[in-house]
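Number of protein chains: 2
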Amino acid sequence: MELLKERIRRDGKIKAGNVLKVDSFLNHQMDTDLFQEIGKEFKRRFADAEINKILTIEASGIGIACVVAQQFHVPVVFAKKNQTKNIAGDVYTSKVESYTHGRTYDIIVAKEFLGAGDKVLLIDDFLANGKALEGLAALVQASGAELVGAGIVIEKGFQVGGDAIRASGIRLESLAIVDSMDEESGTITFRDDEA
Amino acid sequence: MELLKERIRRDGKIKAGNVLKVDSFLNHQMDTDLFQEIGKEFKRRFADAEINKILTIEASGIGIACVVAQQFHVPVVFAKKNQTKNIAGDVYTSKVESYTHGRTYDIIVAKEFLGAGDKVLLIDDFLANGKALEGLAALVQASGAELVGAGIVIEKGFQVGGDAIRASGIRLESLAIVDSMDEESGTITFRDDEA
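So the sequence lines, in the order shown, correspond to chains A and B. For the first sequence, our numbering gives the first residue as 1, with consecutive numbering after it. For the second sequence, our numbering gives the first residue as 1, with consecutive numbering after it.
Treat the hints with care, as some may be off.
Identical copies carry no separate label here, and so any pair may be met within one copy or between two of them.
As the list claims (entries may be wrong) - Derived DSS-like pairs: lysine-lysine, alpha-carbon spacing no greater than 25 angstroms straight-line:
#1 81 x 43
#2 111 x 13
#3 111 x 21
#4 95 x 15
#5 95 x 13
#6 81 x 131
#7 43 x 13
#8 40 x 15
#9 119 x 43
#10 111 x 15
#11 95 x 43
#12 15 x 43
#13 5 x 95
#14 40 x 111
#15 21 x 81
#16 40 x 95
It is worth saying that the hints were derived from the structure and are not from the lab. Predicted, not measured: the structure shown is a model, and the values here were computed from it.
Next up, chain A with everything else stripped away, as it sits in the complex:
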């Protein structure tokens, strides 16, 4: 998606340790006009698919998922990272290992909002090691719903997540795949640029 790649080139900041900061438009400050274009692109890529629910994970996936959902006219469910008093006991649970935060946490979704008959599209902002996406896929499987595919805004193509998800048979659409970043020059190479 050219508009997105241009935005990443313009406003993304490369930090030590292969960190790509895009918090000026994607995951702290959020450009919802861009999100709308992202929604249209996911709708185009999944035009052939039957989807009746979008599943994402708090916190930074929620905004994108909600704007994307307006293109599909389906509800969004977000997996919560910690059990709170506001969710009753009847939940599906999965474990996610976070490299960013150096810990493992539970994600949960109430059983009443995911189940047999649901055709689910996963949406998230980033795909790196793929642990969050695997956790979401596990929730879908546990619920008996059908996993239609996953839509990712930015995939870090030099990390293992994308390959692992594709190898597992999940249909994965990433709108921008970063193959390499150079902190010194500030250069970002996207997968499509290789052609």
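Fit chain B to the given chain A structure using the hints.
Below, chain B alone, put in the same frame as chain A:
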């Protein structure tokens, strides 16, 4: 907002301790078509106001804020509840006391995304004791931005937050104000219904 009140009456569940569960359409599963109508209503109520940024708080405020922002064509910034590695040190911080979770937590926003010249609308799903909204208002004040007002989807009118926020001079627009709930009969009385 009649559409919202009807939805609360139909799908809201009253639980012991004056808990109103609306997680089937507002804050776990999210009906983004309803959110769009909510966005139009906030746009109508703040039609006279100049707004160039929406500020909300993770997690359940984000989805609503992003869909509302599409009506205003302004970016959304969400306050984070815990410092993560992904945010640099240059942040505004405020403390929020949570009755739901029985603890006090920090909320933060990066200084680069809030500051003098910003005209800020606060958006959140619920207003009860008002602590989250007060924390967001404190972030706006610390940043030197102008606080234009606050838009709340559901205000619990029998708790102290709404009165406290109004008394502090903040322009508050709540789309549904619940004045009382009866667990046994399942009856919800909204403030407008009194007329």
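For each hint, the structure was consulted:
1. 81 x 43: neither (27 angstroms within a copy, 32 angstroms between copies)
2. 111 x 13: This pair counts as between: shortest inter-copy Cα distance 16 angstroms, intra-copy 39 angstroms.
3. 111 x 21: between (34 angstroms within a copy, 15 angstroms between copies)
4. 95 x 15: neither (28 angstroms within a copy, 29 angstroms between copies)
5. 95 x 13: Neither, since 30 angstroms and 29 angstroms both go past 25 angstroms.
6. 81 x 131: Result: close both inside a copy and across copies, 13 angstroms intra and 22 angstroms inter.
7. 43 x 13: Answer is neither: 28 angstroms inside a copy and 33 angstroms across each miss the 25 angstroms cutoff.
8. 40 x 15: neither (30 angstroms within a copy, 39 angstroms between copies)
9. 119 x 43: within (15 angstroms within a copy, 33 angstroms between copies)
10. 111 x 15: between (40 angstroms within a copy, 18 angstroms between copies)
11. 95 x 43: For residue 95 and residue 43, neither the intra-copy (29 angstroms) nor the inter-copy (40 angstroms) Cα distance is at most 25 angstroms.
12. 15 x 43: Neither: 32 angstroms inside a chain and 38 angstroms across chains, both beyond 25 angstroms.
13. 5 x 95: Neither: 32 angstroms inside a chain and 37 angstroms across chains, both beyond 25 angstroms.
14. 40 x 111: Intra 29 angstroms, inter 31 angstroms, cutoff 25 angstroms: neither.
15. 21 x 81: Both: 22 angstroms inside a chain and 19 angstroms across chains, each within 25 angstroms.
16. 40 x 95: For residue 40 and residue 95, neither the intra-copy (31 angstroms) nor the inter-copy (38 angstroms) Cα distance is at most 25 angstroms.
The earlier numbered hints that this structure contradicts are 1, 4, 5, 7, 8, 11, 12, 13, 14 and 16.
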